[in-house]
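Using the sequences and the accompanying hints, generate a full structural model.
If you count by numbering that gives the first Met the number 0, then the sequence shown holds residues 0 to 593, one letter each, in order.
Hints in this document: simulated from the structure, not taken from any laboratory.
Bear in mind the structure is a predicted one, so any value in this text is a computation, not a measurement.
Hints may be right or wrong, so weigh each one.
[To be verified] Straight line, CA to CA, 30 Å or less: simulated BS3-like cross-link-like pairs of lysine-lysine: (1) K107 <-> K582; (2) K441 <-> K403; (3) K343 <-> K441; (4) K564 <-> K323; (5) K467 <-> K441; (6) K187 <-> K153; (7) K403 <-> K414; (8) K343 <-> K177; (9) K292 <-> K370; (10) K350 <-> K518; (11) K566 <-> K281; (12) K259 <-> K234; (13) K529 <-> K387; (14) K177 <-> K529; (15) K566 <-> K267.
[As the list claims (entries may be wrong)] Derived DEER-like restraints, expressed as beta-carbon distance ranges: (16) D495 <-> N235: 24 to 34 Å; (17) R363 <-> D288: 25 to 35 Å; (18) G147 <-> E515: 51 to 61 Å; (19) N418 <-> R363: 26 to 36 Å; (20) D201 <-> Q284: 51 to 61 Å; (21) S454 <-> S282: 15 to 25 Å.
By construction, the Cβ of each residue, glycine as well, lies at the ideal position given by its N, Cα and C atoms.
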Amino acid sequence: MLIFFDVITIKNGLLVYLAFNESIIMKRLILSLSVCTLLLIACGGDQSNNSSDNNDVINNDNNNNECLKFAISKMNTAIDLDPISVTDVTSFHVASQIFEPLLRLNEKDLSVEPLLAESWEVSEDNLTVSINLKKGVFFQDNACFENGKGRELKASDVLYTFKRIFTEEGNYAYSLLKNKIVGSEEFKTNGKEISGISIVDDYTITFTLTQPSSNFTSLLATISTGIVAKEAIQKNVVVGCGPFVYKPENADEKSITLEKNKNYHLGKEFPYLNSVSYNYVKSGQDQLDLFMKGELDVITGIPSNAIKEIVEEQIADFQHNPVKYLLVRSPQASTSYLSLNTSKPPFDNIKVRKAIAMAIDKSRIVDKILKGEAAGPGDHGIVTSALKGYDYSSVVGLEFDVAKAKEQLASAGFKDGTNFPTLILTCGKGNTNLRVAFEIQKQLASNLNVNVEISSVTLSEQYLMNSKSECHFSLKGWLAEYPDPTSFLSLYYGKDVPSANNLKSFPNESRYKNSEFDKLYEQALVTLDKSKRYELCLTADQIIASEVPGIPLWYREDYHLIQSKVKGYQPNAMNIQNLVHVKLEEVSAKEINQ
0 MLIFFDVITI KNGLLVYLAF NESIIMKRLI LSLSVCTLLL IACGGDQSNN SSDNNDVINN
60 DNNNNECLKF AISKMNTAID LDPISVTDVT SFHVASQIFE PLLRLNEKDL SVEPLLAESW
120 EVSEDNLTVS INLKKGVFFQ DNACFENGKG RELKASDVLY TFKRIFTEEG NYAYSLLKNK
180 IVGSEEFKTN GKEISGISIV DDYTITFTLT QPSSNFTSLL ATISTGIVAK EAIQKNVVVG
240 CGPFVYKPEN ADEKSITLEK NKNYHLGKEF PYLNSVSYNY VKSGQDQLDL FMKGELDVIT
300 GIPSNAIKEI VEEQIADFQH NPVKYLLVRS PQASTSYLSL NTSKPPFDNI KVRKAIAMAI
360 DKSRIVDKIL KGEAAGPGDH GIVTSALKGY DYSSVVGLEF DVAKAKEQLA SAGFKDGTNF
420 PTLILTCGKG NTNLRVAFEI QKQLASNLNV NVEISSVTLS EQYLMNSKSE CHFSLKGWLA
480 EYPDPTSFLS LYYGKDVPSA NNLKSFPNES RYKNSEFDKL YEQALVTLDK SKRYELCLTA
540 DQIIASEVPG IPLWYREDYH LIQSKVKGYQ PNAMNIQNLV HVKLEEVSAK EINQ
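Here it is in structure tokens:
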């Protein structure tokens with residue numbers, strides 16, 4: 000899942016769809032809003048009276064309605080509320096409150112647990128996965144259903160969801176499930192049935208796999224396999240079985256607010272919150288100011304130097320019993336990196352790739368540009384340091400060494416940068432993106448006499464440029480879909496790379512091809528023994544580190560600043576926001592000052 004580091008643009012969107020046996024094919028479901036610099040925090044159902052001439056005024060009329068308020072600062076593209084198309088973190092957070100998959104990842108230990116499923120069984124040969132659905136799970140109320148009442152979830156909805164994945168061209172979920180289920184590719188071609196998915200009864204469905212899979216049940220716990228209703232898709236509405244409900248009137252250019260699903264399957268008391276809002280706040284400092292005023296409940300991505308200032312200046316707020324604020328430091332299963340297009344000059348030359356990698360001082364980026372907001376510089380492989388049991392530090396990356404970088408560039412025929420082409424680097428529009436890009440531009444000019452032209456674009460624009468091979472390299476972030484190194488290694492699997500450079504290649508936007516790497520990656524996907532799988536992944540990770548289709552810059556880490564009234568919120572390496580058991584319990588000023 001891609002991460003863009005700062006400001007996302009949201010715009011009005013449209014759903015075009017096609018049912019399997021009808022005349023049109025489901026194309027995409029995108030919720031969009033326009034970027035606005037107003038610092039207005041929204042909560043509650045009706046936002047029609049939220050406007051204000053003062054852009055620092057915040058509507059707190061609904062504070063007693065238990066609305067949890069987040070800030071959206073990482074917005075570079077439209078918020079996409081079609082589960083099969085979610086590829087960015089903001090869309091992931093919002094869509095995950097509306098839709099639910101069959102299984103879930105426990106936010107504490109990242110183990111797989113039932114969600115819409117009551118239980119599941121895997122056959123002894125690891126080729127059949129049987130899902131037993133919970134009874135009494137209902138889709139959210141919506142006019143797309145008879146009498147506006149959400150109907151019960153059945154196995155037929157699971158089948159419909161997976162047929163969509165193998166029907167719509169170019170959706171991200173398909174890239175995760177390609178060739179995993181018996182008959183899925185034949186269905187994609189002839190449109191009849193998926194022979195490897197069988198409905199036993201209304202509450203039981205089985206998946207027959209083409210081969211044992213180390214990640215299939217994990218994939219059933221991702222937003223990409225969130226269950227949808229055919230009626231909702233055909234009526235172009237956003238409806239799932241999740242704890243919160245989307246209503247178009249609660250989304251505008253300032254925020255998106257989701258209301259409590261009063262018929263949620265865990266019980267009418269859940270979720271505890273009446274609503275949750277995701278609010279556009281342009282800068283980190285603005286977020287911090289609003290948090291200190293009590294007008295935001297949770298903020299993340301705060302630079303460590305700012306955290307130090309907060310703690311030093313307001314140490315009492317962290318020491319009172321009860322405390323006023325909570326500060327949580329959470330390593331992320333995420334890596335920020337440069338993706339190099341290896342299918343076109345000059346990055347089709349491994350010597351050039353090595354030269355660029357060795358000319359970038361990653362420690363300086365972490366220390367001077369990020370101000371320490373990272374788990375560490377990307378001195379090893381593409382796989383993050385946050386995966387437990389994975390010896391990421393054993394992967395040997397290319398060290399910062401200007402002299403060796405110059406040797407590599409000269410060996411490639413560009414001594415002292417002579418006749419080297421100007422490189423086009425794409426990055427997001429946010430401040431962090433640009434500062435990192437400018438630092439890379441500065442270092443390559445100083446160390447190699449290589450000129451870099453920076454193109455600051457939205458995520459959708461970057462997708463388009465990469466699909467047409469219009470840039471040489473891109474500044475990106477990748478958050479694992481599931482807690483396993485294979486999620487990171489999927490970035491370089493070569494068998495899905497199109498033959499033409501002007502065709503979309505995702506997630507392998509580097510268009511890297513290496514048969515040895517592909518073999519190791521494929522073996523890892525079918526190796527169920529974790530230690531053996533990790534050994535395969537380490538070997539594959541080392542190939543990437545040595546051949547440099549991508550350059551890890553830093554391993555991500557987030558600080559979470561949380562109001563003490565927020566109970567049950569669990570920061571985690573996978574950036575999961577499970578808000579079902581979160582509640583707001585006000586702490587009185589008297590209690591804080593005791």
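Taking 26 to 36 Å as the stated bounds, is the beta-carbon spacing between N418 and R363 within them?
holds, 28 Å
Does the alpha-carbon distance linking K467 and K441 stay inside the 30 Å limit?
Measuring from Cα to Cα gives roughly 27 Å; hence the hint holds.
Pairwise hint evaluation, K370 against K292, where the allowed Cα distance is 30 Å at most
Holds, at about 25 Å.
Could you say whether the range 15 to 25 Å given as a hint is met by the Cβ separation of S454 and S282?
holds, 22 Å
Holds or violated: K177 and K529, Cα atoms, limit 30 Å.
holds, 22 Å
Is it true that the CA of K343 sits at most 30 Å from the CA of K177?
Within the cut-off at roughly 27 Å; holds.
D495 and N235, beta-carbon distance inside 24 to 34 Å?
holds, 30 Å
Is 51 to 61 Å respected by the C-beta to C-beta distance linking G147 and E515?
This hint holds: roughly 57 Å between Cβ atoms.
Could you check the hint for me, namely that R363 and D288 are 25 to 35 Å apart, CB to CB?
Given range 25 to 35 Å: holds, Cβ gap about 29 Å.
K529 paired with K387 [C-alpha distance capped at 30 Å]:
It holds: about 11 Å lies between the C-alpha atoms, which stays within 30 Å.
Outcome of range test on Cβ distance (D201, Q284; 51 to 61 Å)
holds, 53 Å
Quick one, are K566 and K281 close enough, alpha carbons at most 30 Å?
holds, 26 Å
Checked against the numbered hints above, the structure breaks none of them.
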